[in-house]
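As they're listed, the protein sequences go chains A and B.
Numbering-wise, the numbering used here comes out as the position in the first sequence, counting from 1, plus 416.
Numbering-wise, the numbering used here comes out as the position in the second sequence, counting from 1, plus 73.
List of simulated lysine to any residue pairs, SDA-like, C-alpha gap at most 25 angstroms: (1) B:580 - A:485; (2) B:246 - B:394; (3) B:248 - B:202; (4) B:580 - A:610; (5) A:648 - B:527; (6) B:517 - A:614; (7) B:580 - A:422; (8) B:580 - A:426; (9) B:517 - A:616; (10) A:853 - A:935; (11) A:648 - B:517; (12) B:256 - B:393; (13) A:648 - A:614; (14) B:245 - B:262; (15) B:517 - A:632; (16) B:580 - A:486.
Listed next, the stretches of chain A that the computed footprint assigns to chain B, with coverage defined by at least 3 CB atoms under 8 angstroms from CB atoms of chain B: (17) 570 to 579; (18) 587 to 597.
The set of hints was computed from the structure by calculation and includes no laboratory data.
Just so it is clear, CB atoms sit at the ideal spot from N, CA and C, and this is done for glycine as well.
Residue strings, one per chain:
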Amino acid sequence: MEHILSWLIFLPLIGAVLVLAAPAQMARSITWVFTFGVFLLSCALFGPFLDGRAWDGGYGTMQFEYAIPWIDVGGFHIRYHVGLDGLSFPLIILTTLITWLAAWASWNFEHWNVNRGPKGYFALFLLLETGVLGTFAALDFFLFYIFWEVMLLPMYFLIGVWGGPRKEYAAIKFFIYTLAGSVLMLVALLAMYYTSADAVAGPGTFGLIEYVTNPAIHEMFNSETTTFLSWKFGPAMFVMLFIAFMIKVPVFPFHTWLPDAHVEAPTPISMILAGILLKLGAYGFFRVCYPIFPEAASQLAFYVALLGVINIIYGAFCCLAQTDFKRLVAYSSISHMGYVVLGAAIMTTTGFQGAMFQVLAHGISSPMCFFLVGVIYDRAHHRDLNRFGGLWLEMPRYGSLATLGFFASLGLPGLCGFIGEIWVLLGTWSAPFTWAKPMAVISAFGVVLTAAYILWMIQRVYLGKRKEEYAGFPDADARETAILIPMALLAIFMGILPKYTFDLMNGTIDRVYEIMEPFTQVAFGG
Amino acid sequence: MDSGPLANIWMPGGEELAKLAPLWGLVGTIVAILLAALVIGRNWRVAGGVAMAGALATAWLAWQGLSRIDAGWGGMAPEGAAPMLVVDQFSNFFMLLLAVFLAAVTWLWFMGQDADLPEREARRNDATEFFVLVVGSAFGMALMVSTTNLLMIILAVEAASLPSYGLAGFRKKNKLAAEASLKYVLFGAVTSAIMIYGASLLYGHYHTLDLAQIGRQISVQGPSVLMGVALFAFMVGVAFKVSAVPFHFWCPDVFEGASIEVTTWLSVVSKAAGLGLMLRIIAVVASELANPELLQYVAMAIAIMAALTCTWGNFSALWQTNMKRLLAFSSIAHAGYMLMAVAIIWQPSADGASGALSPAHPAFSAIVAYLCVYLLMNLAAFSCIAFVYWSTGSESIDAFNGLIRRNPLMAIMMIIALFSLVGLPPMGGFLAKWWLLAALWDAKLIWLIFIAVFNTVISLYYYARIAVAMVFRDDDRPPIRAPIAGQLIVAACGIAIVLTGTLWAGKLKEFSDHRSRDLYAVTRKAPTNSIADSSAAAISFDVPDQVKGGDGKID
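Kindly produce the complete structure, drawing on both the sequences and the hints.
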C-alpha cells in the first residue's frame, strides 16, 4: 500500500518499455490500457480525500506518503519522497484522466502522422505521463526538479516530430523557454538547500514540506536579514521560482512559446499541454512559491496580480484577433490562466480556492476545446475560422458537444469555467488591498471579452448557412463522442455541484492560508 | 649536500617500484607492441590486441591500486628528499580512467577496421606506430597526475604532447590532418616554452623543484610580482592541455583534422590530464600555504578563465556544422565547467573562519564525478559520429539526418549522451553539474553559478540541433550499419549515463568523494632541505561535516 503512489508514477514508464518491445501495431492498445489502468489506479486513491481523513493535521499531512533516501552522501540528503494532499491529488486525477483521453485521441495516429511508426510516439507519451505524475507527487525539491525536467525531452520530441509545418521552431522555442526557467529554479534549489542548512545549523534539506513546517527554516527564509547576493532572500527566491513557473503557466511576457507550441503540436499533445502541463506552473505557485515565501509573496502581490490581469485582458484581446481556430484556443488558455495567477496573488482563501478550481476547470475545458478543434481539423484539414460555417447542421452531435465545451470555457454559469472565475473575482474584490477592487473590475471586463471571442467564434464556425465545402462531413464517431462525454459531464458536474470539487482541496488550502495569514496581516496592517 | 634535489643518486627498491604498477603497465604495453611487431611482424590485429590487453591490464592494476592505497605515497626519491612521483587514490583513479578509455578507444579503432575508407590500408600498415603513440601519450598523461615536481611535470607534459602531435597528423595524406598537426605543434611548442620559462623562474626564485616547498616558501616570503608571473607562465602550459580560453585555438582544428579515434582520445583524456595536473598543483601548493588568501588573485584569474572558456566554447559551437568541430567546442565548454571547480579551491572554504583549506574540498570530488560522466558522454557521442562517418564518409551534421530510422538504437543513445552533455536530468550529466554548482555555492561564487546555468541554456541549442537532424529531418538516406560490438559500447555508455543520473547517483558521488579525499594528504617524508619551519605552515586537517556525514538520518 505504501508503494501505490510509486506504482502510479512508474506504471507509465513500464508501459513505455513495453511499447518499445512490442510490435508497432500494438503500441496504441498498450498505451490505452496503461493510461486507463493508471486512471483507475488513481481513482483508488480517493478514499482519504472523500472521508476527510486527509484533512487531519497541519500542512504537510500527506496521504500515500513514501520516503527513502536516494542520494545520501557528501552531506546531501536527497530523498525519493512522494505523497499527496489537497493541492496535488485533484491534479493527479486530472492528469490520469486527460492522459487517458489523449491516448484515446491518438487512436487515429496513422492518419495524421507523416511517415513515422507509432512506437516512439506512444513511448514518449507514456514517459511524459511519468514525468507529470512524478512532479505532482514529489515532496523533495530535488526530486521535483528531476521530474520537472524529465517532461521536457518527451514534449520536445512529441511536438518536433509529430507536429505541424513549423514544428522545429515551436519545439525548440518551447524547450529553450522552459529550460531557461528551470535553470533559475536550479539556482533557487541550491540557494534554498544551503540556506536551510544555515537555518538548522546542520545538514540542509530539500523537503518542500520541511521548508514550511520547520520553524527555523521558515523564519530564516522569510527574514529581512537573510540575503542572496545582497538582495533579500525571500523576494529573490520568490522571483526566480516565480519566473520558472510563470514560463510554464505561461504568464505575460513569457507566453510567446505557447501559441506556437499549441498550434504545431498534434491534437492529443495539445490536450496534454493545455490540460496538464500548464497546470504544473500553477501547482508550482501553490506548492513552492506561496507556502514557502509568504512574506515575499505579500510584498510582491501587486506585481503578480498585475501580471494576472494583463494575462486575462491581453490574452482575450489576442483571441479576438485570431483567424486560426487552434491559435484562438491557445490564447484563450493564456487568458484563463490569468485568473489562476490573480487568484494566487491576492492570498486569500477565496482567491486560492478560485485559482485551484480554475486550474481544474481549465484542465477539463481546454483539452475539450483542443480536441474539438482536432475533430474538425481531421475532416476539413484547415483551421481558418473565416472559412468555416454551418457546421452544426452537418454534424449535430459534434456541434452540441462543441457548444457545451466552448461555453464551459466561456464561463457560462452552470458550467465549470464560471465557478473558478467568479471565485477569483470575488476573492479579488474582497482582498485587503487598495488596488484589489480596480483589478477585480478590470478582470471582470475580461469575462465580457471572453464571451465576445467565443460567441463570435461559435457564430463563424458552427452557426450560419450550410456550406457546400463541408457537405457530407461525418458526425463525431463513437470514439470521438466517448472522449468528449467524460469531459462534458465533468464540466457540468463541476459547474452545478462545485462543492464536491472544493471538498477535495479546501482542507489543504485552509492550511496554506494559515501559513500565509500572519504575513498578509503584517503586510496590510491587520 | 644541498646542491639540489637531483644531486643524490639513489636507487628505488622493489616495493617502491611495485607501487607504480599502472605506470609499468603502460610502459610494458609500449614495449610489447614494439616487440610484437619485431617478433610476429607488422600485423594490425596483433598491435591492437596487445594495446587492448595492455590497457585492460593497466586498468586492473589501477583498480588494485585504488583498493590497496589508503594514505597515499610520495616517493621515488631518496630518503628525506622531495618526492618525484606521487601515488594516491587520485592518481590511481586517473590511471584507471585513462586505461579504461584507452581500451574503449582501441575497441573503437577495431570497429573502424571494417569500414570502407580510403585510408584503410594506411591505417592497417601503421597500426604499430599508432598504438605506440597512443599508449605513449597515455603514459605521459599518467605521469602528469602523478607528480608534484616541476621537472617531472614538464617531462610529463611533453611526454603527453609529443605523441599527440604525431597522432593529430596521423592521416598522412590528409591536408586537414597536416594542418591540425602543425597548429598543434606550434601552439604546443610556444606554450611549453612559456611553461618551462615559468618553471625556471620558480626554481630560480625558490631554489626548489618541489611544489610543496614552493608553497611553503610563498608562505614565508609573501606574494610578489615575480611569483605571479612565474605561476602564470607555468600555468599556461597546463591551460593549453585543458584548452582553456585563450589557449584553445588548437582544439577545434585538431579535433576536426585528426582521425575520429584520436579525437575521441584527446577530447577526454588530454583535458582530464590537464585538469588533474592543475588540481595537483593547486592542492599541493595551497595546502602548504599558511594563508591561502594570498592566491585569491590567481583563483580569480582561473574563475574568469573558466567563465570565458565555457561561454566562448558554447557560443562558438552554435554555428558549427562539422560534428567533430562542434564537439570540439563542446569539449572546450565542458573544460570551462570543470575549470570553475578548479577556481574555487583557492577560495576560502564555506565556514571561512580559519581560511584554511579543507582537505576534502567538494570541488575535487565534483571534478572527479564530472570526469567519470564526461568520459561516458563523449565516448557515446564520438562512437556514434565514428559509425556514421565510417558508413557515410561524412562528418557533417547532415550525415545524421534521419538517424532515428537508420539506426534507432544508436540515435537514442546519442540523444541520451547529447542531453546529458546539456546537463538535463535524469542523465548523469545533470548530477555532475549539480555537484559542481553545489561546490561553487560552497565557495560563494554565485556569479559563476549564473554563468554556468546561462551556458547550459545556450548549449541546449546546438546539442538540440543534432537531435533535430537525427529525429526531425529525414531525407531517405540509407541505414547505418554498425557492428554489434560497436552498438554494444554505445548502448552501455547510454545506459550508464542514465544510471549515473538516477540509481547510481549516490554511488558515483561516494566514489568520487573517496578518490579525491586524500589529494592533500600525500604522506611525504619531511624534506631535509626545507627552508621554512614546517610548523609555520601547519594546516588543520579537520574533516568537514560533508565527509563525516552520511549517518543517513531521515526525518
